[in-house]
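The task is simple: from the sequences and hints, build the whole structure.
As a plain string of letters, each chain reads:
There are 2 protein chains.
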Amino acid sequence: MNQFALLHMTDSAYCFPVSEHEIVIRLRTARGDIEKAWIIFESKYVIGESQKKLPMEKVLSGELYDYYSVKLDLEDTRLAYVFYLWDGREYYYYSEDGATLTYDFTKGYYNFFQYPYINAADIMKKEDWLTQASFYQIFIDRFCIGDENKDKSYINLKWGDVPTPKSFAGGDLKGIISKLDYISNLGCDALYLTPIFKSPSNHKYDIVDYFEIDPNFGDNADLQELVKELHKRGMKIVLDAVFNHVSELNEKFQDVVKKGRESQYFDWFVVKGDFPKKDPLNYEVFAGCTYMPKWNTSNSDVQDYLISIATYYIKEFDIDGWRLDVSDEISHDFWRKFRKEVKKAKETAVIIGENWHDANNYLRGDQYDSIMNYAFTKAALDYFAYDKFDAEKMADKLNDILARNTDTVNDMMLNLLDSHDTDRFFSEVHEDRDKLKAALALLYLFPGAPSIFYGTECYTVGGYDPDCRRCMDFGKEKENTLTDFIRQLADIRKKCNFSFDGTRIYSSDDNKLLCMERHGENGDVTLLINESDSVGKDKDIQVEPGSYRLYVGGGEVL
Amino acid sequence: MNQFALLHMTDSAYCFPVSEHEIVIRLRTARGDIEKAWIIFESKYVIGESQKKLPMEKVLSGELYDYYSVKLDLEDTRLAYVFYLWDGREYYYYSEDGATLTYDFTKGYYNFFQYPYINAADIMKKEDWLTQASFYQIFIDRFCIGDENKDKSYINLKWGDVPTPKSFAGGDLKGIISKLDYISNLGCDALYLTPIFKSPSNHKYDIVDYFEIDPNFGDNADLQELVKELHKRGMKIVLDAVFNHVSELNEKFQDVVKKGRESQYFDWFVVKGDFPKKDPLNYEVFAGCTYMPKWNTSNSDVQDYLISIATYYIKEFDIDGWRLDVSDEISHDFWRKFRKEVKKAKETAVIIGENWHDANNYLRGDQYDSIMNYAFTKAALDYFAYDKFDAEKMADKLNDILARNTDTVNDMMLNLLDSHDTDRFFSEVHEDRDKLKAALALLYLFPGAPSIFYGTECYTVGGYDPDCRRCMDFGKEKENTLTDFIRQLADIRKKCNFSFDGTRIYSSDDNKLLCMERHGENGDVTLLINESDSVGKDKDIQVEPGSYRLYVGGGEVL
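Just so you know, the sequences run in chain order S and G. Taken in order, the first sequence gives residues 1 to 558; the numbers are from our numbering. Taken in order, the second sequence gives residues 1001 to 1558; the numbers are from our numbering.
One or more hints might be untrue.
[Unchecked claim] Cross-link-like lysine-lysine pairs, in silico, DSS-like; alpha carbons within 25 Å at most:
| id | chain 1 | residue 1 | chain 2 | residue 2 |
| --- | --- | --- | --- | --- |
| 1 | G | K1393 | S | K107 |
| 2 | G | K1107 | S | K388 |
| 3 | S | K272 | G | K1071 |
| 4 | S | K343 | G | K1337 |
| 5 | G | K1388 | G | K1437 |
| 6 | S | K343 | G | K1340 |
| 7 | G | K1277 | S | K340 |
| 8 | G | K1259 | G | K1198 |
| 9 | G | K1152 | G | K1125 |
| 10 | G | K1277 | G | K1259 |
| 11 | S | K393 | G | K1107 |
| 12 | S | K344 | G | K1340 |
| 13 | S | K340 | G | K1107 |
| 14 | S | K340 | G | K1340 |
| 15 | G | K1494 | G | K1346 |
| 16 | S | K125 | G | K1337 |
| 17 | G | K1166 | G | K1278 |
| 18 | G | K1388 | S | K107 |
| 19 | G | K1272 | S | K71 |
| 20 | G | K1343 | S | K340 |
| 21 | S | K278 | S | K166 |
| 22 | S | K198 | S | K252 |
| 23 | G | K1393 | G | K1437 |
| 24 | G | K1437 | G | K1179 |
| 25 | G | K1346 | G | K1437 |
| 26 | G | K1344 | S | K125 |
| 27 | G | K1125 | S | K272 |
| 28 | G | K1337 | S | K126 |
| 29 | G | K1337 | S | K344 |
| 30 | G | K1337 | S | K346 |
| 31 | S | K125 | S | K344 |
[Said to hold, decoys possible] Cβ-Cβ distance ranges computed for the label pairs, FRET-style:
| id | chain 1 | residue 1 | chain 2 | residue 2 | range |
| --- | --- | --- | --- | --- | --- |
| 32 | S | G475 | G | Y1045 | 35 to 41 Å |
| 33 | S | S50 | G | N1156 | 34 to 40 Å |
| 34 | G | V1461 | S | D104 | 19 to 25 Å |
| 35 | G | K1340 | S | K315 | 21 to 27 Å |
| 36 | S | N497 | G | D1387 | 40 to 46 Å |
Derived from the structure by calculation, the hints contain no laboratory data. The beta carbon of each residue, even a glycine, is placed where N, CA and C say it ideally should be.
What follows is the structure, given as structure tokens:
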């Protein structure tokens, strides 16, 4: 047995309660190394005398490792356990002391694994609407002009021209409201909007006043109307919380600029000197941008202020959650407080971090519910666009990504092919429509919630920022678009009601097909994708190169 | 290279800030597998264009794995990094995507490792006094009777007789006060007392009233006097917080017994039914003991109540910290709140959990500072008492234990050979005085703070509870005791002022000696222990079987 590969960590993605009496236990082994795995367990006060034993199931297989899993239903949740492994030659026990050929349960209290007790407060709740949602992400300035009566003097981009970093095209909240039926017709039932608060830029990630909606986008009444119209349609809205940094024009930072150390807001920022100075830069900023000073989120006054913004928009406008900009540069301490107050204001409000990397430390139930799943994005690029992955490598990678987090979190991940911060996926695949369709099928059926960037449905192209933020072309919508295709994918998701349990992702024996099976409450799905250059086959189903096949409940669709 | 063994986790014991500009990065590899390891790093916004590179040092070697470490001093703390490894044949990059022969830094933002930003609120502070402390643990009823005027009718054990579970011998707070010079003369400068609050038992882990000192032990004035006398001597005191459960005689539980669901305290416990019943048991208890109902620590009223106890004794009596009974069965959520309030009440107050197992999830800076290090206890038993470990296995095990936690935590661990919850170590080693001395030398020089159980210094014997809780024999103190020996060990610790950095634990080439080197601010120490049955040798120093040699600053002592 390859002992080096064994991994189990209690109270982690390898061991997590899913209810007050159920807990999921995972074990990592070297891939293909083990023939059978069991868990031996009991209440920790009893395991010295008697033990129970259950087989574990291999649920994920990554590049190097297999991941076994079992869900235990416990009467006494003071769980003690060790693993019992058969590699075809020997039986091993695996405990905190590693793999051994014998194990003394009477001294187990020193080195068994344990989950000492399931406390209700430590169980991460799965937010059902997020699990079932299909998101539509809108970069507001480029989506739709709805308010024809507003002062348009700020608009400097002719709708449809290629944007620059300083372009203003005129999109607004009224424009979004006017397109809700359009969005709903795509099967999307949740909006994620880039920031809407007062800011001098087109992207509005440099906020001047969090308590004012940017006049170019609309006003409080528009936001109220938008939320009302969304909720009427059974749709949700998630706003963008830019709490890492602020515009230098913000009055609190300006107070520090004027009064320096004498300002009551001096400690709200991180300034090394008596006054903030740009040359040489002596205060913390976002990404080297001197016009975006960083909040000191370790300061409890700052924490309270930012949280008051989050709860204000929940209480006053009934929004359904926050996407957190640059959330990984903000303290855990802040997000813990943030979660408590946000969930207190609205239990079903969701919290979605912008962490591009493994974020399992933020996804343990005390901070976020979810992140923007850029690891999925990268895998999709490596497979569909960059030719770096064959089917086997892609299956491995998707399994490894799923192994990072708990089942609960996997069902809430916000999966995406692209966003306002990347090249358009359609441009990455050189405008290959079949590739985009196959990738969308994967996106919609992967565990978690899919999020598409506005315009994906009408084959919008674009390179990196600002090119990915082109104006929406509703004219193209009448052409041969992906509207019906996307709605059908969304309908399948909604109808089947998948959960992570029962997900299998693998490559066909001929290594030509990426295969995904999902298990839903009301139906099972099989997706087969062929990105190789010849016909591939899995269980008697053939798939042509550059195409995919999708089966729901055994019957082929789409 | 053995890729299966590679492990790095950001924001964990493998990656932790130690100041606002310094961070320690660890990497796990298969033991002996790598010839050289480097870290390649830069600010995450810059690493696409240029990178810095530093060698890493092998600091720990366990049974299967080596652990490399490097401390980075950063100008911009938005740290991105990958590892660069040479196994004698190939150079590998190791990132979130695993080990690869090439690495594209321009796309690194998808898969480099990162610590996105050092926020002050997320840095775990090392509490210096705990790092430098030598603890003396007292089971109060058996230590010393100081109050000759109290009502002694409850005493049913003649001092010196072997105790039963129901014995009361009469020890009290005044008794402890009378022995402070004795304890101080042992080099101990911190007390850990088992519970002192009102309770019907001799151990007092079933508390009836947290706001009253048990009358058999004394009163508020006695506790005040004890703390005053301790602080006068530069000593500290840590009390035992029994917050997992309570006595069934507690008035809040009794209210539930009487009123059932109508009681305002019904939700303070976990009762499955309208009234708590013992047969069949329908409420949560500690360890199957029906007389110790478990608090519902997920309930915020319970949280506030228990925390008010913790802060009351800090504010009113100026105690220096809490040891947390059965802390692993209490919610993380509770301990997070607890820490905030305790540290607010007294910044230097320490929080020491009773977790017998790997507790790294409680030791990340948001919950405890430290735990009772029973993993060390078990290793000491396996090496000195049970003959399960030779020198090599013991060195491996101690290295693996140190790899569980950050350097910061390792310096604050409460190390112990035994306690009120184990057999006496001296009995475990069959009353072998040389073994006890060698084990004490290891205990005192191991990273963290040593804690000795009262009576260790005069070779007290005893099996499992209640036998380990025999009456202190101050008469024996005049005989050939360990008093001077222990004081000298404590003095060496104090004088040298060790920190985890520079600790090396290994076995001699002949596998006869367990060798430990510590690096202190004011001196280095080498300890060589021979538990084999023949002479062992390390670097020209010979050690007789069953003995040890100790060098301070190159000169032999003790």
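Each hint tested on the structure:
no. : hint                           : verdict
1   : K1393(G) - K107(S)             : holds, 18 Å
2   : K1107(G) - K388(S)             : holds, 13 Å
3   : K272(S) - K1071(G)             : holds, 23 Å
4   : K343(S) - K1337(G)             : holds, 17 Å
5   : K1388(G) - K1437(G)            : holds, 19 Å
6   : K343(S) - K1340(G)             : holds, 20 Å
7   : K1277(G) - K340(S)             : violated, 34 Å
8   : K1259(G) - K1198(G)            : holds, 24 Å
9   : K1152(G) - K1125(G)            : violated, 45 Å
10  : K1277(G) - K1259(G)            : holds, 13 Å
11  : K393(S) - K1107(G)             : holds, 18 Å
12  : K344(S) - K1340(G)             : holds, 20 Å
13  : K340(S) - K1107(G)             : violated, 35 Å
14  : K340(S) - K1340(G)             : holds, 15 Å
15  : K1494(G) - K1346(G)            : holds, 24 Å
16  : K125(S) - K1337(G)             : holds, 20 Å
17  : K1166(G) - K1278(G)            : holds, 22 Å
18  : K1388(G) - K107(S)             : holds, 13 Å
19  : K1272(G) - K71(S)              : holds, 23 Å
20  : K1343(G) - K340(S)             : holds, 20 Å
21  : K278(S) - K166(S)              : holds, 22 Å
22  : K198(S) - K252(S)              : holds, 14 Å
23  : K1393(G) - K1437(G)            : holds, 20 Å
24  : K1437(G) - K1179(G)            : holds, 23 Å
25  : K1346(G) - K1437(G)            : violated, 36 Å
26  : K1344(G) - K125(S)             : violated, 30 Å
27  : K1125(G) - K272(S)             : holds, 22 Å
28  : K1337(G) - K126(S)             : holds, 23 Å
29  : K1337(G) - K344(S)             : holds, 16 Å
30  : K1337(G) - K346(S)             : holds, 21 Å
31  : K125(S) - K344(S)              : holds, 14 Å
32  : G475(S) - Y1045(G): 35 to 41 Å : holds, 38 Å
33  : S50(S) - N1156(G): 34 to 40 Å  : holds, 36 Å
34  : V1461(G) - D104(S): 19 to 25 Å : holds, 24 Å
35  : K1340(G) - K315(S): 21 to 27 Å : holds, 25 Å
36  : N497(S) - D1387(G): 40 to 46 Å : violated, 58 Å
Checked against the numbered hints above, the structure breaks hints 7, 9, 13, 25, 26, 36 and satisfies the rest.
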